[in-house]
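Undergrad: Chain by chain, the residues run as shown.
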Amino acid sequence: MNKKIKRLIFVLTILFTFVIAIGLIIRALEENIIYFYSPSDIKEIQTSNKLIRIGGLVKENSLTKADKLIVEFVITDNLEEIKVIYQGILPDLFREKQGVIAEGSFKLDKFIATKILAKHDENYMPKEVYESIRNK
Amino acid sequence: MIGLYGNLLLYLATAAALAAIIYSKVLRIKVDRKYKYSSFFIVAQFLFIFFSYLILTYAYITSDFSLLNVWQNSELNKPLIYKITGVWGNHEGSILLWVLILAFYSFLVVVIDRDVPKKNILNVLFVQSSITLAFLLFIIFTSNPFTLQHPVPYDGVGLNSLLQDPGLIIHPPLLYMGYVGFSVVFSYSIAAMLDKDLNNVWTRWVQKWVYLSWCTLTLGITIGSWWAYYELGWGGWWFWDPVENASLLPWITGTALMHSLIIYRSIGRHKDWTLLLAILTFSFSLMGTFLVRSGILTSVHSFASDPQRGLWILVIMSFFVICSLSIFIINLSENKEKNNFFIFRKGTFILFNNYLLMLSCFVVFFGTIYPLLLESITNEVITVGPQYFNTIFIPITFFLALLMPIGPNLPWKGHVNTQAINRIYMSAILTISLVIILQVLIEGQTFNLSIFIISLGGWIIINSLVDLLPNNNRREDKNIVDLILYNIKNINIQKIGSRISHVGFGVLIIGVAAASSYSEQKEIKISIGEISDINRYSLQYDGLSSDIGDNYDDLLLSFTILLDNKKIGEIIPKKRFFRNSGDITTEAGIFRHNTSHVFITVGEVQENYIYAMISYKPFVRMIWLGSFLMVIGLVGSVLIRIQFIRLTHD
Chain U
23 MNKKIKRLIF VLTILFTFVI AIGLIIRALE ENIIYFYSPS DIKEIQTSNK
73 LIRIGGLVKE NSLTKADKLI VEFVITDNLE EIKVIYQGIL PDLFREKQGV
123 IAEGSFKLDK FIATKILAKH DENYMPKEVY ESIRNK
Chain E
156 MIGLYGNLLL YLATAAALAA IIYSKVLRIK VDRKYKYSSF FIVAQFLFIF
206 FSYLILTYAY ITSDFSLLNV WQNSELNKPL IYKITGVWGN HEGSILLWVL
256 ILAFYSFLVV VIDRDVPKKN ILNVLFVQSS ITLAFLLFII FTSNPFTLQH
306 PVPYDGVGLN SLLQDPGLII HPPLLYMGYV GFSVVFSYSI AAMLDKDLNN
356 VWTRWVQKWV YLSWCTLTLG ITIGSWWAYY ELGWGGWWFW DPVENASLLP
406 WITGTALMHS LIIYRSIGRH KDWTLLLAIL TFSFSLMGTF LVRSGILTSV
456 HSFASDPQRG LWILVIMSFF VICSLSIFII NLSENKEKNN FFIFRKGTFI
506 LFNNYLLMLS CFVVFFGTIY PLLLESITNE VITVGPQYFN TIFIPITFFL
556 ALLMPIGPNL PWKGHVNTQA INRIYMSAIL TISLVIILQV LIEGQTFNLS
606 IFIISLGGWI IINSLVDLLP NNNRREDKNI VDLILYNIKN INIQKIGSRI
656 SHVGFGVLII GVAAASSYSE QKEIKISIGE ISDINRYSLQ YDGLSSDIGD
706 NYDDLLLSFT ILLDNKKIGE IIPKKRFFRN SGDITTEAGI FRHNTSHVFI
756 TVGEVQENYI YAMISYKPFV RMIWLGSFLM VIGLVGSVLI RIQFIRLTHD
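From first to last, the protein sequence lines are chains U and E.
Each residue of the first sequence is one higher than the one before, counting from 23 in our numbering.
Each residue of the second sequence is one higher than the one before, counting from 156 in our numbering.
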């Protein structure tokens, strides 16, 4: 009898921690989802202060460099455009007229990127970017 | 001509795989003849695939651009080593390598496992050949590396520039050795269920395959992480990228399997659970292959995004997963195991380990698959931020690390001996003093979570080492030196291997926690002669020079590194310009100092100044050191056990 109760307590503890763990996992996931938008989507969606990703092409002749490692460029999906401000070093594969994803958030109507992801080689474009351009 | 030979060999290999399937299971002939023929076909199948692989390598070395695959992924001026290893730097070649390793493992089973009864081994060969057949058909129908083209171009397109790196030479083969090695464990499990006779001997057959696969997988992942660190990652060693996660899943279940096998081997319990883990581990290997090869993920690993290929692998994966799980459910053992349940038992603690590992496996699986599911259902594109994984892994690691050193001290049955308890107390006291000292020395008043994790690492290391002391170390010895010498001489050799592996895990989590919270980095614009400080180090930019490689030109940016105004070395990060493709890659400059790195990556380069990211990463080397220790410990424990068996036989 005693052993059975011990066993029951053990199994219940395991189940209990499991339920808590699942709850925490789902909560953590909800808090850390980063949505992806194309410049056209942005016009419709209010996303101030939330961490998001914007993907598209770097518009030709839009890259300007100020000092102190601040760069500005425009992401376009050939319909709408978003101006992006980024402080830091751009990846090697960042080129104008090619695919890019900027991760960051809107602060007072400006998109401040904290991370810039460029594609991995010249035949390849981030899938999200490809689809956001193709669908327009 | 070369394409013809290559194709012919692939067809022959397919035929051999089919023959091996028929002879090992379908035909009703005597077991000895079955075994004779099917092992013959296994050897033949391996040789055919091996030669077709050699032919492809030969085409790469001689730059035979009549093969579409060679033209797409190679070029005349590439260094020879990258012509040879470039074979697996693309989809078709890497799948061929996958199958080559699979066939090699089947071959090894025939050669090594001769002491396994023929009846059992036939089922293993049957499952193994079925997997080989499926992947050979996949190659022939969707990913044939021997497709010809006409007219033959003069020069090739070239390898993805990011892949031209020493990492390409060892990372993929090791990783595949791990992934595919679990197929043998999978085949043995299916075989055991088909045979319906599963006893403790079975663990002796599979254990070596689990160890081999686990070691190579660990090395493969570790080297991949190191490669990303200096080439892609700008100093990050793990990104929770779906492709990385795909390799972590079989690693986690493989680790769980390795531990549950110990229970099964020692007291013959949790047989079903062990079998399920074996099935899961190979299923995750297949899933990893599917995720990476199908092109549904964006990554440096996804060479091609042909939806048809993805579908094929999905079909193959589903087939093997569904079949194996069905066989598992049908054969769930009916006789209930006797359950005498006690918490402070080695077996129970291994179950805790399995529970925590499966939880972390679920976390990774869920975080990796959720965006894919959401996208296919709602078309919404999302990314799961790394913070998700970090938040959950901290508590899981906490419990894992807390329980890890206690388990091995506990008995399989009977009472916990007082010495073990004393040792746990002793380690606990040592660890708590360590926490206090660290807290006072490093942080002062403020509390930092990483101190906690670092101390847990310390707890594992201290406990594992204390555990190595000989059982009878209370000699009435007045001389303290003699006492220490006695303890060292009589160290518990049989435990050394597994404790070193545990120490490795401790070192690993210390490295992760310390490097994550004490790293410093900044992005700078620096002119020639200027000095920038990071932590205690000063970096002086000395100017640029250039160098010419086979198919690239290097721009070398020289830095002098000073500590207390004394020169301690040079760091030379590079920008590499590939002539053929026009790609630019960044080769980080790394200065190693004790367990730390001073790390420089260069952004834009101008004549008089450059933009660079400099960082100081304390304890970062412990991350890779820890992983290597885990492997060394496992290899050591196997060698020691072999030695013991030999001694007892003499």
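These are computed hints drawn from the structure, not numbers from a lab.
Take the hints with a grain of salt, since some may be wrong.
Unchecked claim - Within a straight-line C-alpha distance of at most 35 Å, the following computed DSBU-like cross-link-like pairs (lysine-lysine) qualify:
1. U:Lys28 to E:Lys680
2. E:Lys680 to U:Lys129
3. E:Lys729 to U:Lys105
Undergrad: Compare the structure with each hint and give your call.
TA: The hints, checked one at a time:
no., hint, result
1, U:Lys28 to E:Lys680, "65 Å, violated"
2, E:Lys680 to U:Lys129, "26 Å, holds"
3, E:Lys729 to U:Lys105, "31 Å, holds"
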